[in-house]
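Take a look at the letters that make up each chain.
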Amino acid sequence: MTAEMLKGHLDNILLAILSSAPAHGYAVIEQLRQRSAGRFDLPEGTVYPALHRLETLELIDSSWVTPEGGRRRRVYHLTANGREALNQRRGSWRSFADAVSAVLDADAVNPVHKAEASAP
Amino acid sequence: MAALIDNYLATVEAVLAVDPRLAGRVRDDIEEQVQGLVDERQLPVAEAERRVIGGFGDARLLARAYLRAAWPAHFQRNMLVSAFLIAMSLLCMRLRTAVDNGISGPLVEGRIDILLIVDAAGFAAAVIAAAMAWRIARSDGDALRVPRWLGAAVAGVALSTAASLARLLLARPLNPEGWQDWILLGSGFTELALLALTIVCLHQLARYCRAMA
Numbered sequence: 000m001t002a003e004m005l006k007g008h009l010d011n012i013l014l015a016i017l018s019s020a021p022a023h024g025y026a027v028i029e030q031l032r033q034r035s036a037g038r039f040d041l042p043e044g045t046v047y048p049a050l051h052r053l054e055t056l057e058l059i060d061s062s063w064v065t066p067e068g069g070r071r072r073r074v075y076h077l078t079a080n081g082r083e084a085l086n087q088r089r090g091s092w093r094s095f096a097d098a099v100s101a102v103l104d105a106d107a108v109n110p111v112h113k114a115e116a117s118a119p
Numbered sequence: 000m001a002a003l004i005d006n007y008l009a010t011v012e013a014v015l016a017v018d019p020r021l022a023g024r025v026r027d028d029i030e031e032q033v034q035g036l037v038d039e040r041q042l043p044v045a046e047a048e049r050r051v052i053g054g055f056g057d058a059r060l061l062a063r064a065y066l067r068a069a070w071p072a073h074f075q076r077n078m079l080v081s082a083f084l085i086a087m088s089l090l091c092m093r094l095r096t097a098v099d100n101g102i103s104g105p106l107v108e109g110r111i112d113i114l115l116i117v118d119a120a121g122f123a124a125a126v127i128a129a130a131m132a133w134r135i136a137r138s139d140g141d142a143l144r145v146p147r148w149l150g151a152a153v154a155g156v157a158l159s160t161a162a163s164l165a166r167l168l169l170a171r172p173l174n175p176e177g178w179q180d181w182i183l184l185g186s187g188f189t190e191l192a193l194l195a196l197t198i199v200c201l202h203q204l205a206r207y208c209r210a211m212a
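As they're listed, the protein sequences go chains A and B.
Just so we're aligned: 11 in numbering that gives the first Met the number 0 is position 12 of the first sequence, and the numbers increase by one with no gaps anywhere.
Just so we're aligned: 196 in numbering that gives the first Met the number 0 is position 197 of the second sequence, and the numbers increase by one with no gaps anywhere.
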């Protein structure tokens with residue numbers, strides 16, 4: 000999976016991660032890696048500005064949390080707007096992915112079309 | 000923090016001089032990431048810092064990525080403030096027009112004629128500059144040029160207002176007891192101050208665009 004293919008979907012992926020539970024930046028990157036089985040190993044320089052962008056769009060919010068005996072951390076959580084946006088984007092993505100699959104898999108499902116098209 | 004991180008942040012902060020709050024945000028994010036590696040992977044601080052700098056990448060590109068992330072909110076805020084200031088200055092202009100019932104009308108001296116030309120030219124330049132800004136914004140062209148042309152338009156209006164005020168002051172002796180003159184002068188200078196603030200606001204927007212480009 001190339002970074003180019005991921006571009007445009009990063010916001011949705013980050014919203015989905017934060018929809019399960021609030022998390023700090025480091026944990027978001029870790030979850031992204033784990034949930035994608037290591038395929039989305041994105042650099043911090045991509046993820047943190049994206050989190051900041053989502054915050055300025057008011058889709059997520061952040062607050063400082065100091066765990067017992069630890070250092071304070073900025074924890075991100077989804078806002079009501081963010082949850083609504085995520086639901087909409089999930090629907091759009093499923094519809095888009097189904098359409099792309101239908102086109103890409105058309106030849107695989109019905110190879111006769113391909114054979115007819117290449118016949119002289 | 001070690002010198003490695005400090006040098007990195009110094010480069011980031013140089014690009015983010017236009018928005019110091021954002022520079023603080025980058026510092027927080029980097030510190031948090033370093034701490035995450037130290038706490039959860041038990042890496043030595045120096046190694047964690049080296050890895051984090053590698054992950055965040057080129058300091059200038061990172062700073063621009065943060066600027067782009069904050070751009071919509073920054074643009075909206077500046078444009079809203081500018082629009083408010085312009086609306087207030089238009090209100091002042093309207094007030095002056097309503098009160099100025101021919102008091103500064105007929106021109107008597109050559110130097111006042113020149114002021115009339117400056118007044119008209121400033122207004123014409125403002126209209127042209129505003130049209131240019133609109134055209135560039137519509138064509139989705141270089142974002143940096145929009146606030147510049149808008150600034151030029153506001154400067155044109157300010158020039159026109161200044162010439163109009165000078166005409167008023169030169170056309171006849173002011174009557175300190177007449178309320179109209181106080182309204183004319185007060186609204187005129189308020190309008191100039193509002194326009195100057197608008198130019199500052201648009202200049203800030205242009206600086207932001209330049210840092211982001």
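If you're looking for bench data, these hints aren't it; they were derived computationally from the structure.
From the three backbone atoms N, C-alpha and C, an ideal C-beta is built for every residue, glycine too.
Each hint should be verified, as a subset may be incorrect.
[Claimed, not checked] Pairwise CB distance ranges (calculated):
id	chain 1	residue 1	chain 2	residue 2	range
1	A	Q33	B	G56	39 to 47 Å
2	B	V98	A	S18	32 to 40 Å
3	B	A9	A	A101	51 to 59 Å
4	A	V64	B	R26	13 to 21 Å
[Stated by the list, open to error] Which stretches of chain A does chain B cover? Using the computed rule of at least three CB atoms under 8 Å from a CB of chain B, they are:
id	segment
5	17-25
6	32-46
7	66-74
8	79-90
Each hint, compared with the structure:
1. Q33/A <-> G56/B: 39 to 47 Å: violated, 22 Å
2. V98/B <-> S18/A: 32 to 40 Å: The hint (32 to 40 Å, Cβ to Cβ) is violated, given that V98/B and S18/A are roughly 59 Å apart.
3. A9/B <-> A101/A: 51 to 59 Å: holds, 53 Å
4. V64/A <-> R26/B: 13 to 21 Å: 18 Å Cβ-Cβ, so the 13 to 21 Å window holds.
5. 17-25: Check passed, 3 qualifying residues.
6. 32-46: Answer holds; 4 residues pass the 8 Å Cβ test.
7. 66-74: Answer holds; 4 residues pass the 8 Å Cβ test.
8. 79-90: Violated: only 0 residues of the segment 79-90 of chain A have a Cβ under 8 Å from chain B.
Of the hints listed earlier, those the structure fails to meet are numbers 1, 2 and 8, in rising order.
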